[in-house]
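So the sequences go chain by chain: A and B. Take 0 as the starting number for the first sequence in numbering that gives the first Met the number 0 and just add one per residue. Take 0 as the starting number for the second sequence in numbering that gives the first Met the number 0 and just add one per residue.
Hints are supplied without guarantee of correctness; some may be wrong.
So the derived list for chain B, only partly shown, Cβ under 8 Å to chain A, looks like this [what the hints assert, rightly or not]:
(1) R74
(2) F98
(3) G100
(4) F119
(5) F170
Label pairs and their computed distance ranges (CB to CB) [unchecked claim]:
(6) D105/B with V316/A: 45 to 51 Å
(7) R126/B with V220/A: 48 to 54 Å
(8) G27/B with I355/A: 41 to 47 Å
(9) K12/B with I37/A: 54 to 60 Å
(10) R25/B with K8/A: 38 to 44 Å
(11) I346/A with E173/B: 52 to 58 Å
(12) E13/B with F310/A: 42 to 48 Å
(13) G304/B with S286/A: 49 to 55 Å
(14) I37/A with F128/B: 38 to 44 Å
(15) R25/B with I346/A: 33 to 39 Å
(16) G333/A with P67/B: 49 to 55 Å
Hints listed in this document are in silico derivations from the structure and should not be mistaken for laboratory results. By construction, the Cβ of each residue, glycine as well, lies at the ideal position given by its N, Cα and C atoms.
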Amino acid sequence: MARILIYIKYELKVFLGNYSNMFWMMGFPLLLLTIFTIFFSNLRFQEFELEKASIAYHEEAYGPLFIIETPKELPNMETLDTSNIENTLFKGTVSTKNQALEALKKGQIDAYVDKDLSLVISKNGISQMIMDETLTTYKQIASLNLPFTSYDFKRTYVENSSEKYSPIDVIFYALFSMISLYGAYLSVTIGNRLIVRGRTTALRNASSPTSKAWQVMIGVVTSFLWSLCMIVLMILYSEFVLKQHFFSTDINNIPLILSALIFGISWGLFIGTVIEKESVQTAVLISSLLILSGISGLFSNGIRLLIQGSFPLLLKVNPVSMIGDELIKVNMLGSYSTLYTTVPLLIGYSIVLIGISILHIRRKKA
Amino acid sequence: MVITVKNLIKEFKEIRALDSFNLELREGEILGLIGPNGSGKTTLLLSILGFYAYEKGEIKVFNQELKPNSYDIKRKIGYVPQDLAVFEELTVYENIDYFCGLYVHDGKKRKELVEKAIRFVGLEKFRKFVPSKLSGGLARRLNIACGIAHEPELIFLDEPTVAVDAQSRSFILEGIKELNRRGASVIYTSHYLEEVEDLCDRIAIIDQGRNIITGTNEELRDSIITTEIIKMTLLEEHVDILKDLRNLSHVIDVTIKDSEYTVKFDNPKSNIGDIAQFLKEKGLTYVKLYTEVPSLNDVFLELTGKELRD
Numbered sequence: 000m001a002r003i004l005i006y007i008k009y010e011l012k013v014f015l016g017n018y019s020n021m022f023w024m025m026g027f028p029l030l031l032l033t034i035f036t037i038f039f040s041n042l043r044f045q046e047f048e049l050e051k052a053s054i055a056y057h058e059e060a061y062g063p064l065f066i067i068e069t070p071k072e073l074p075n076m077e078t079l080d081t082s083n084i085e086n087t088l089f090k091g092t093v094s095t096k097n098q099a100l101e102a103l104k105k106g107q108i109d110a111y112v113d114k115d116l117s118l119v120i121s122k123n124g125i126s127q128m129i130m131d132e133t134l135t136t137y138k139q140i141a142s143l144n145l146p147f148t149s150y151d152f153k154r155t156y157v158e159n160s161s162e163k164y165s166p167i168d169v170i171f172y173a174l175f176s177m178i179s180l181y182g183a184y185l186s187v188t189i190g191n192r193l194i195v196r197g198r199t200t201a202l203r204n205a206s207s208p209t210s211k212a213w214q215v216m217i218g219v220v221t222s223f224l225w226s227l228c229m230i231v232l233m234i235l236y237s238e239f240v241l242k243q244h245f246f247s248t249d250i251n252n253i254p255l256i257l258s259a260l261i262f263g264i265s266w267g268l269f270i271g272t273v274i275e276k277e278s279v280q281t282a283v284l285i286s287s288l289l290i291l292s293g294i295s296g297l298f299s300n301g302i303r304l305l306i307q308g309s310f311p312l313l314l315k316v317n318p319v320s321m322i323g324d325e326l327i328k329v330n331m332l333g334s335y336s337t338l339y340t341t342v343p344l345l346i347g348y349s350i351v352l353i354g355i356s357i358l359h360i361r362r363k364k365a
Numbered sequence: 000m001v002i003t004v005k006n007l008i009k010e011f012k013e014i015r016a017l018d019s020f021n022l023e024l025r026e027g028e029i030l031g032l033i034g035p036n037g038s039g040k041t042t043l044l045l046s047i048l049g050f051y052a053y054e055k056g057e058i059k060v061f062n063q064e065l066k067p068n069s070y071d072i073k074r075k076i077g078y079v080p081q082d083l084a085v086f087e088e089l090t091v092y093e094n095i096d097y098f099c100g101l102y103v104h105d106g107k108k109r110k111e112l113v114e115k116a117i118r119f120v121g122l123e124k125f126r127k128f129v130p131s132k133l134s135g136g137l138a139r140r141l142n143i144a145c146g147i148a149h150e151p152e153l154i155f156l157d158e159p160t161v162a163v164d165a166q167s168r169s170f171i172l173e174g175i176k177e178l179n180r181r182g183a184s185v186i187y188t189s190h191y192l193e194e195v196e197d198l199c200d201r202i203a204i205i206d207q208g209r210n211i212i213t214g215t216n217e218e219l220r221d222s223i224i225t226t227e228i229i230k231m232t233l234l235e236e237h238v239d240i241l242k243d244l245r246n247l248s249h250v251i252d253v254t255i256k257d258s259e260y261t262v263k264f265d266n267p268k269s270n271i272g273d274i275a276q277f278l279k280e281k282g283l284t285y286v287k288l289y290t291e292v293p294s295l296n297d298v299f300l301e302l303t304g305k306e307l308r309d
């Protein structure tokens, strides 16, 4: 154990001695968080009132809208008018898909629910996220053949949404999501110290009787501890220095953040092993994190919408989007409908990335 | 045998870096590998250490094939790379401790070994310095300390004295002799011939990926035709005497460079008297006339047809 601690100390010292790493790992996120707070904090503290989203839906897809404020006893479905449904959050009208897409383009509606309960949106906001959540939960309940009255949609989505949260928070959560992946900056160096291809220290490490697995483990543990410190530091900085409250005390934050940290470390390890040149590794790492964060809406909501319109799957599999959305759901909506698919998915990604990396490290011979 | 290399072939794309290479390192000896840059010295070391996959041949270290998980064998090996292989962010002590710790797990024992290595390379005053604050020579000593702190039985030293001042070089060479006296077998690569001649029990001459010859200093000298080299400088240069010199008995080569004549002989007895007599007969006055035995560079030159010196 003492040996492990000594090596973690050395790993940290080597990493912290690199000013470029320090900037990207600490300076850059602190700077972004500060800048975002300066520009957007006024919007956060404005009295916020959730606007009703205007939604079009396929004639057979009225269920999710109806169920949000459905009475405990279901009405006669044969006589129920399902062409127009209005509740606290949404104002819905039946429409054909073509008409709805046209209306979306013109900005006349905010979203369209298709026959298969997929959601097409024109802008990203809390209402759309709630609609998305409602659809997910609706599908889950339907697949389990449970009565829809068994779940209190109104309490989960409608009442929580009345809390004082602002749509601008989406940007902050995308930032926290990106920061949670910052262990990658440390773990990207692991491969360079074990694969003989440039760094002379790799010659020593690889010729030693200490297994590569042990050395990888030290690098991963160090990266994990460091990135955990970083995310805690960021939360404390926003809470006590910037006076911005983003994180609730919800215990579900823990598996989410831990899986995000593990994914970040795996991503760095993967890039550091499969790409040979250190300069290219850094460039790929920085750009990949920025691109993934950009897709998830860190810099502009428009980019996220563009992706959502053209490649919706990209948002579903983009880890930054996944983490950011879950952070919002857990901390703003108190919803966990997708949390326990997101966490295993992130862990799954990580296992695949770590597996490829270890195979690469073990097999790499010139 | 500590190391046996048989018919090793290593290629990098179309370039054959090692060509049917054979080598043996005996227990307790210092074996020097000499050859010009790109001759295959470092490739050989990295192949023995298991970093390079090779096309054909066999390598055995302590009578076993070195595999990635041959930890018992690796524990006996120390490697000092050609370039500085230390962490710029760690101090002298921490660097040695870091690398020693990869071999020695016991904290107390490691501390003793690190202190011993620091004393061994004379870095006691610099233990808290980071490598960038050390001179080139001191940094080289640190590089060596990181490779030998765990007291290995087999040490690979890849040009450890490159760009080192005379004082540090002498310190390093004495250190290597001391490691050898303690029982370590050493493979030492260099293109400083004097070092190799002074330090090594046997020498392997490498050129274009081939082991041209391996032997002691004497064996290498005996392997070439040249037995004596006489050098002289005349009061006035007379190029016309070159032909007459070549016609002397047992002379195999005569050259002139920077007004100095070099005459090579192939017979075992001293020929300096004959040369003095020749100059007297020709009425020539010399300002310098001396004899020397063939150097390692002469051996290299005769065996490969090129100079080894930079």
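Here is how each hint holds up against the structure:
Of the supplied interface hints, the one on R74/B holds, with its beta-carbon coming within about 4 Å of a beta-carbon of chain A, less than 8 Å. For F98/B, the interface hint holds, since its Cβ comes within 8 Å of a Cβ in chain A; the closest pair sits about 5 Å apart. Because the beta carbon of G100/B sits about 6 Å from the nearest beta carbon in chain A, less than 8 Å, this interface hint is met. Restraint check, F119/B versus chain A: the minimum CB separation of about 18 Å is more than 8 Å; hint violated.
Hint status for F170/B relative to chain A: violated, with the closest Cβ pair at about 22 Å, above 8 Å. Range check, D105/B to V316/A: about 47 Å between beta-carbon atoms, so the 45 to 51 Å window is met. Between R126/B and V220/A the beta carbon distance is about 27 Å. The supplied range of 48 to 54 Å is therefore violated. One distance hint, 41 to 47 Å for the beta-carbon pair G27/B and I355/A, holds here, with the actual separation near 45 Å.
Checked against the hint of 54 to 60 Å, the pair K12/B and I37/A passes, with Cβ atoms roughly 55 Å apart. Between R25/B and K8/A the beta carbon distance is about 42 Å. The supplied range of 38 to 44 Å therefore holds. Against the hinted window of 52 to 58 Å, the Cβ-Cβ separation of I346/A and E173/B comes to about 56 Å, which satisfies the hint. At about 44 Å, the CB distance of E13/B to F310/A agrees with the hint of 42 to 48 Å.
The given range of 49 to 55 Å is respected by G304/B and S286/A, whose C-beta atoms sit roughly 53 Å from each other. Checked against the hint of 38 to 44 Å, the pair I37/A and F128/B passes, with Cβ atoms roughly 43 Å apart. A beta carbon spacing of about 54 Å between R25/B and I346/A contradicts the range 33 to 39 Å that was offered as a hint. Between G333/A and P67/B the CB atoms are about 50 Å apart, so this pair conforms to the stated range of 49 to 55 Å.
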